Amino acid sequence: MMKQDPIIRAEHLSIGYENKTIMKDLSFVIPRGDIFIIMGGSGCGKSTLLRTLTGLIPAQSGQIWIQNTDFINATPAEKLEIRKHSGILYQGGALFSSMTLAENVALPLQQYTDYSSDKIRQIVAFKLALVGLAGYEDYYPSEISGGMRKRAGLARALALDPEIVYFDEPSAGLDPISSKNLDDLILQINQTLGTTIIVVTHELPSIFTIGKNSIFLDKTIRTISAKGNPSELLKNPPNRQVYEFLTRGENHEERTK
Amino acid sequence: MERLLRLAFQTPFKEQEVSSPKNSFLESIGEWGIGFCRAVKKGNIFIHQCLSSWRRQLTGRAVYRSKDFWLILSDCGPKSILIVSLISFMVGLILAFVGAIQLKTFGAQIYVASLVTIGMTRIMGAVMTGIIMAGRTGASYAATIGTMQVNEELDALQTMGISCTDFLVLPRINALLLSMPILVLLADFMGILGGCFVCVAFWDIPLSEYIKFTINSFYLKHFLVGVFHGIVFGYIIALCGCYFGVNCGRNADSVGAATTHAVVYSIVWMIVMTGLLTVIFQGLGI
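Those sequence lines, one after another, are chains L and C.
Residues in the first sequence are numbered consecutively from 1, following the working numbering.
Residues in the second sequence are numbered consecutively from 1001, following the working numbering.
Calculated directly from the structure, the hints in this document are not laboratory data.
Take every hint as true, because none was put in to throw you off.
Keeping only pairs whose Cα atoms sit at most 30 Å apart, straight-line, the calculated BS3-like set for lysine-lysine is:
no.: 1; chain 1: L; residue 1: Lys-79; chain 2: L; residue 2: Lys-24
no.: 2; chain 1: L; residue 1: Lys-119; chain 2: C; residue 2: Lys-1067
no.: 3; chain 1: L; residue 1: Lys-235; chain 2: L; residue 2: Lys-24
no.: 4; chain 1: L; residue 1: Lys-84; chain 2: C; residue 2: Lys-1067
no.: 5; chain 1: L; residue 1: Lys-235; chain 2: L; residue 2: Lys-180
no.: 6; chain 1: C; residue 1: Lys-1041; chain 2: L; residue 2: Lys-79
no.: 7; chain 1: C; residue 1: Lys-1022; chain 2: L; residue 2: Lys-20
no.: 8; chain 1: L; residue 1: Lys-24; chain 2: C; residue 2: Lys-1042
no.: 9; chain 1: L; residue 1: Lys-180; chain 2: L; residue 2: Lys-219
no.: 10; chain 1: C; residue 1: Lys-1022; chain 2: C; residue 2: Lys-1041
no.: 11; chain 1: L; residue 1: Lys-20; chain 2: C; residue 2: Lys-1041
no.: 12; chain 1: L; residue 1: Lys-84; chain 2: C; residue 2: Lys-1042
Simulated restraints, written as ranges between beta carbons of each label pair:
no.: 13; chain 1: L; residue 1: Ile-177; chain 2: C; residue 2: Ser-1066; range: 33 to 43 Å
no.: 14; chain 1: L; residue 1: Leu-80; chain 2: C; residue 2: Val-1040; range: 24 to 34 Å
no.: 15; chain 1: L; residue 1: Glu-143; chain 2: C; residue 2: Gly-1249; range: 22 to 32 Å
no.: 16; chain 1: L; residue 1: Asn-19; chain 2: C; residue 2: Val-1150; range: 20 to 30 Å
no.: 17; chain 1: C; residue 1: Ile-1271; chain 2: L; residue 2: Ser-97; range: 28 to 38 Å
Being a predicted model, the structure only gives us computed values, none of them experimental.
We put the beta carbon where it would ideally sit given N, CA and C, even for glycine.
Make a model of the complete structure from these sequences and hints.
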C-alpha cells in the first residue's frame, strides 16, 4: 500500500555543481512513511543528492516530485510550502550559535505559525523532551556535546511536525552508543509520527538497523547501481560494488566461488 | 594475510602527470574577463537582494531578531569607541605636528588649528573611522557569516525558508549605518583634541587661540560632508563583510580568505568612493 503513495519521486535526475555532473540518470521513488537510505562510498554524491532534493542546489536535469508538486519548476510559494513540511538534520546539527536551544527550536514556529509565545514555549519543551533534551532549553550549542547538538538539531527539524525529515550523515562523529541512540530515535519518530525519513549515510550498522529501502550510488558508473532493502541487498548483492560496500570490503569473487 | 598482500598490490601508482596545455595570452584575458563579469553579476545580485530586504523592512515583512540587532549594534558601536578615539586622537596629533613644522617656516603655525579642523571634519575623521571599522567590524561580519556557512547554518536558514539577507545581512547593515555617523562625529572631535594637545604642549599656542581658530574654521558643510562619507563607508563595509561571508567556501581556509577579502575590498571601495564623492562635491561647489 505504501508503494502506491510516493512522497518523493525522482526521474532521470542529474546532479552536480555548475558544469560538473556528479551523478546522472537517478530515478527512484520514496514511499510515504518509509525510512529511505541513500548510501554509497565517500565522495559519491550522497550529500549533493540531498542538497538537490532539499532545493539548496538546482538539479542539472530531470524531475523531482515532492508531495505531487514538481519541485524543480515550483514557484517560490510552492517551494516554501514544501519546505514547511520538511525538516533537515545537518551533519553537525547546524544550530545557530548565538541562540539557545529553545530559541533554535522556536525559530521555525515563530516564522510560520501564529502561536502565542506561551504555546511556542510548550511546543519547544515538548520537542526537546522528545529527543531527550528536557531541561536544556537555556543552553547554548557551544555548551553541549556533539551528540546533543544533533538531537537539538532534530528537535528543530521536527518543530513544525514535518511529513519528511532528511538526515545528512546522522552518525558522523558520534560514538557507537550515541549513534545507536540516534538510530533508535529515528525509528521511534518514524513509527510514532509516521514521518518519512530520508537518511544519507555510509554507516553500516545504521543502514541495517533503520533502513527499509535504499539506493546505492556507484561512483564508478555515476548512477544508482542497486535499489531495495539493505538486508536483502546483502543477501542478494546485484554487483560487486554493493557487496563490498555492505561487507566492508569482502572479496566478491571469493564469495561467489 | 593474503587479503592484506592483495590490498598492498592494489595500491594505485601515481599516474604520470599529463601536462595540461597552457592557456594562450588571449585565452587568459578571456577567462579573466568572464570571471570578472561573473563577480560583477554576483555582486549586483547581492546588492539587489540587500535593497529588497531593506524594502521589506520598511513594510515590516523582513525577518530578523531584534536581539541580534542590538548585540551587533553594541559590538560595532559602543565597543568601537575606544579604538576610534585613540586612532583619531593620534591622527589629529600627527596632522598637527606635520602641519606645524611646515607652517612654522611662514610663521603661521596658529593655522594648524584650521588645518586639523577642516582636515578631520571633512574627510580624515570619516576615512580613519572607515578603515578601523573595516578591519574590526567588516572582518568580524565576514568571519561570523563565513563560519555559519561552514557549519551549514546558512543552509538551515535557507531550507527553513528564511532569507539570509533579511536575517543576517540586514541587522548588520542597519547597525553600521546607525553607528558610523556617531563614530565619525567622535573621530572629528578626538582628532581636533589631538591637534590641540600638540599645539598647546609643543608649539606654545594658547588654548583660547586654538579654540578660536577651530571655531572659525568649523563649517557645517564640511562636517556634513564628513558624516555623509561615514554613512557611505558604513554601507560599503557592511556590504563587503556580509557578501564575502555569505559567499564563503566550506572550510577554515575559506573563512580566512573571506575575512581578508572583506577588509581589502572595503578599503579599496572606500577610497574609490572618496574620490568619486570628492569630484561630485567639488562639482556641486560643496
